[in-house]
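Protein chains: 2
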Amino acid sequence: MAELADRLADGEVSTEHAVLAAHRTDEAYLVPSGWPLCAVYAHSTADVVETMRWATEHRIPVVPRGAGTGLAGGALAEDGAVVLSLERMTAVRELSVDDRLAVVEPGVITADLARAADGHGLMYPVDPGSAARSTLGGNLATNAGGFRCFKYGVTRESVLGLEVVLADGRVITTGHRTTKGVSGYDLTSLFVGSEGTLGVITGATLRLRSKAVGPRATVAAYFPDAAAAARAPLALARDGLTPSFLELIDEVTLRALHAWQPLDLPGDGVALLLAEFDGVDADRAAAETGRLCGKLNAVATQVTTDEAESERLLDIRRHALGALERMGRTMVEDFVVPRSRLGDMLVEIRRIAARHDVLIATVAHAGDANLHPTLLFDRTEPEIPARVWSAADDMFRTALRLGGTLTGEHGIGTLKRRWLRDELGDDGTGVHQTIKSALDPLGIMNPGKVL
Amino acid sequence: MAELADRLADGEVSTEHAVLAAHRTDEAYLVPSGWPLCAVYAHSTADVVETMRWATEHRIPVVPRGAGTGLAGGALAEDGAVVLSLERMTAVRELSVDDRLAVVEPGVITADLARAADGHGLMYPVDPGSAARSTLGGNLATNAGGFRCFKYGVTRESVLGLEVVLADGRVITTGHRTTKGVSGYDLTSLFVGSEGTLGVITGATLRLRSKAVGPRATVAAYFPDAAAAARAPLALARDGLTPSFLELIDEVTLRALHAWQPLDLPGDGVALLLAEFDGVDADRAAAETGRLCGKLNAVATQVTTDEAESERLLDIRRHALGALERMGRTMVEDFVVPRSRLGDMLVEIRRIAARHDVLIATVAHAGDANLHPTLLFDRTEPEIPARVWSAADDMFRTALRLGGTLTGEHGIGTLKRRWLRDELGDDGTGVHQTIKSALDPLGIMNPGKVL
Numbered sequence: 001m002a003e004l005a006d007r008l009a010d011g012e013v014s015t016e017h018a019v020l021a022a023h024r025t026d027e028a029y030l031v032p033s034g035w036p037l038c039a040v041y042a043h044s045t046a047d048v049v050e051t052m053r054w055a056t057e058h059r060i061p062v063v064p065r066g067a068g069t070g071l072a073g074g075a076l077a078e079d080g081a082v083v084l085s086l087e088r089m090t091a092v093r094e095l096s097v098d099d100r101l102a103v104v105e106p107g108v109i110t111a112d113l114a115r116a117a118d119g120h121g122l123m124y125p126v127d128p129g130s131a132a133r134s135t136l137g138g139n140l141a142t143n144a145g146g147f148r149c150f151k152y153g154v155t156r157e158s159v160l161g162l163e164v165v166l167a168d169g170r171v172i173t174t175g176h177r178t179t180k181g182v183s184g185y186d187l188t189s190l191f192v193g194s195e196g197t198l199g200v201i202t203g204a205t206l207r208l209r210s211k212a213v214g215p216r217a218t219v220a221a222y223f224p225d226a227a228a229a230a231r232a233p234l235a236l237a238r239d240g241l242t243p244s245f246l247e248l249i250d251e252v253t254l255r256a257l258h259a260w261q262p263l264d265l266p267g268d269g270v271a272l273l274l275a276e277f278d279g280v281d282a283d284r285a286a287a288e289t290g291r292l293c294g295k296l297n298a299v300a301t302q303v304t305t306d307e308a309e310s311e312r313l314l315d316i317r318r319h320a321l322g323a324l325e326r327m328g329r330t331m332v333e334d335f336v337v338p339r340s341r342l343g344d345m346l347v348e349i350r351r352i353a354a355r356h357d358v359l360i361a362t363v364a365h366a367g368d369a370n371l372h373p374t375l376l377f378d379r380t381e382p383e384i385p386a387r388v389w390s391a392a393d394d395m396f397r398t399a400l401r402l403g404g405t406l407t408g409e410h411g412i413g414t415l416k417r418r419w420l421r422d423e424l425g426d427d428g429t430g431v432h433q434t435i436k437s438a439l440d441p442l443g444i445m446n447p448g449k450v451l
Numbered sequence: 001m002a003e004l005a006d007r008l009a010d011g012e013v014s015t016e017h018a019v020l021a022a023h024r025t026d027e028a029y030l031v032p033s034g035w036p037l038c039a040v041y042a043h044s045t046a047d048v049v050e051t052m053r054w055a056t057e058h059r060i061p062v063v064p065r066g067a068g069t070g071l072a073g074g075a076l077a078e079d080g081a082v083v084l085s086l087e088r089m090t091a092v093r094e095l096s097v098d099d100r101l102a103v104v105e106p107g108v109i110t111a112d113l114a115r116a117a118d119g120h121g122l123m124y125p126v127d128p129g130s131a132a133r134s135t136l137g138g139n140l141a142t143n144a145g146g147f148r149c150f151k152y153g154v155t156r157e158s159v160l161g162l163e164v165v166l167a168d169g170r171v172i173t174t175g176h177r178t179t180k181g182v183s184g185y186d187l188t189s190l191f192v193g194s195e196g197t198l199g200v201i202t203g204a205t206l207r208l209r210s211k212a213v214g215p216r217a218t219v220a221a222y223f224p225d226a227a228a229a230a231r232a233p234l235a236l237a238r239d240g241l242t243p244s245f246l247e248l249i250d251e252v253t254l255r256a257l258h259a260w261q262p263l264d265l266p267g268d269g270v271a272l273l274l275a276e277f278d279g280v281d282a283d284r285a286a287a288e289t290g291r292l293c294g295k296l297n298a299v300a301t302q303v304t305t306d307e308a309e310s311e312r313l314l315d316i317r318r319h320a321l322g323a324l325e326r327m328g329r330t331m332v333e334d335f336v337v338p339r340s341r342l343g344d345m346l347v348e349i350r351r352i353a354a355r356h357d358v359l360i361a362t363v364a365h366a367g368d369a370n371l372h373p374t375l376l377f378d379r380t381e382p383e384i385p386a387r388v389w390s391a392a393d394d395m396f397r398t399a400l401r402l403g404g405t406l407t408g409e410h411g412i413g414t415l416k417r418r419w420l421r422d423e424l425g426d427d428g429t430g431v432h433q434t435i436k437s438a439l440d441p442l443g444i445m446n447p448g449k450v451l
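The listed protein sequences correspond, in order, to chains X and W.
Its first residue numbered 1, the first sequence is counted upward by one per residue in my numbering.
Its first residue numbered 1, the second sequence is counted upward by one per residue in my numbering.
Just chain X, same shape as in the assembly (with noise of 0.2 Å):
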């Protein structure tokens, strides 16, 4: 380690009990970590290549890490592991508004990123829950989603390139600086969504956008239960309509929410979809959003273009996970269906939590049917109960079985690689085998995490 730190020209090691502590761990709070050997704070490219050379060099474990706000593990440290924190490289490069381009070291706060695009009165769209803590390098390395995909897309769809420093220190960018290209292997897709398993991510060239113009506008609209909600989306859909923002808060999550800060509700047991526009059509697409749930028995309809009404709408969203933390310790989950399913998973997750006696609150990216539900228990548990695990092994086959996906923004990580094999099948498995020992022949890039 005395010679790690040598040949670093900016980064710092540090064996601290309180360092290795504060970056063992990310926010799957319930999955357990090792002891990691060292923390290396790089400040630099440089300083990434001469860390991935020496555990070359000494076939040790590398761990590479942002903010740690991961919610499947990516970024759990093991024992006898380098941990390979990011989050000093800190600068955004370049911001070109002719080129619609920002070039960021993997440390930037993603809010910070998309406050200076807002500032050169661009938009950098991905927004992540944890968008004000979280660093783009954590964003690029789990392909992460957040509140605008359905009209924005994820983080990749915002990637033009990268700079990747791989395995054995050898350096690459990946992709152009340009929206179109089809020069060689797409890389830059390779990289984004690895968790860290085939390279480390030094450098990033984002695409960003127009701002929306106009005033946004609000649809707020209750049903009877989740399922009901659910059918919406797709009379959206039909009309062409396509909100910023589409959220379903099923009915358990509602009155969690209802419990700890009074709204005004229509009724007990009801589920709210809320759904945003932007753009110079936000009014009459928020009009007709409300017309469209009204005839599907939507029991209260609210349209707003007030910015403060509209704030406090989108809040109750915003303030879920928090809601219903106050209830228990929680077990956050993240998969996919068709879009055409969402209600009929809303349904099943009734029968799985009632089946294995767990309490499960949900809400969805609703949009591209991207479920969140959380699992809710004592807080007096030890680890995670027996019944918590089946009732979410019992989810992700149900998703898979509906034709989904096990992840559609937190990433497999550690938490979920007992089930990827289910969903790539054994060939599909294989070449991930195949890919992963090409770039990284003695495992040393986030072993045990993904695959």
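Check before you lean on any hint, since a few could be wrong.
One copy or any two copies: either way a pair holds, since identical chains are not told apart in the list.
[As the list claims (entries may be wrong)] Taking lysine to any residue pairs in the SDA-like style, the calculated list, with each CA pair at most 25 Å apart, reads:
hint, residue 1, residue 2
1, 295, 209
2, 211, 340
3, 151, 121
4, 436, 171
5, 151, 118
6, 295, 210
7, 211, 281
8, 295, 168
9, 211, 291
10, 151, 304
11, 436, 31
12, 295, 121
13, 436, 80
14, 436, 56
15, 211, 287
16, 295, 214
17, 295, 120
These are calculated hints, taken from the structure and not from any lab test.
Assemble the complex: chain X is given as a structure, and chain W must be docked to it using the hints.
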């Protein structure tokens, strides 16, 4: 070959001279190709599996192909290879309105899917110039672009998942039926655009979108020269205007069009910018674009919502290559520069034309700064003259120097292999070779293409 024919369930093997002649080339007319051993017409995934198993056993190269409309020589046969035609796998296996997707076989003609989607009130937006003849399999293999990419993205942005037969005959499915999904590596993107060098695409789940509502609005703006016209796309982007079609036609091309079928031009030597808007805001956006072009010293501007007049204007662009082909033999190029450098690149092209004494006529997908310069030379030339190659070389190096990329939508194929290392770098090329060897260890998948 008799053994292969026996093993195919429905497919056919042909060694007829006329069949081989028809399947040894694509539309990279100027590049020499070899004579294949035989042509296989696959009728099913099982046929492709048997072909690849047989090819692996006998170590025989396989060149997959669709309609042969590629412009970069990605489907050129080599001596002794099997040409594997997917053009008879033409089923649309599924079209789901609620899930907004189609599951297709690779031989479906691009325009046929667009029509099928349209019949269900949906849109398949990818619109390459060859859409009436090209197959979706070919579009996927080259990550084809076209006229609508600026607003709707290239082929990749419309792919949810693939069925791929690997070199050894294993079949994998990649991606999802859902829009979001981050389970495992993004193998979908790895195969899209890999030009048949990593596997054979035998099926695809493609994303469909809402059809734009309301009448289209079209703008034609004439500028003193192409570089002046190139300032308009930047101004549009700054104002958040996103046309569904934004094409630049330089003065050389416009003169050729006018010589063929006289146009109502406001002067000799002018360049034309064509913009079309769809959606509820089309009218306002087109009027605003007309005003912006006026401010940027357009010599004449026309804005119309008349369908027939719109079509007449867009046809000017569609007929550009036809008009140029009347003037001699053509070599159509394809590269991209950062948006801010479109004007600079157009100026450089004029200099390069003069320096190498080659007539160069340029059209561009202007929103993405994807240029298609056509190099013209005499029909009597037996092969591509050296000065044409040097002009092309000069253009590619200039595009790379300006921060661009070698190809925006045609691919590397055979035509651009010699320049690829200049763009990818040695380590980037090394990673490409590592992935190629990992997935195709015998090197039988479309050898000699891309790398």
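Task: Violated constraints from the hint list, given by number and in increasing order - done: Checked against the structure, the only hint that fails is number 8, while the rest are satisfied.
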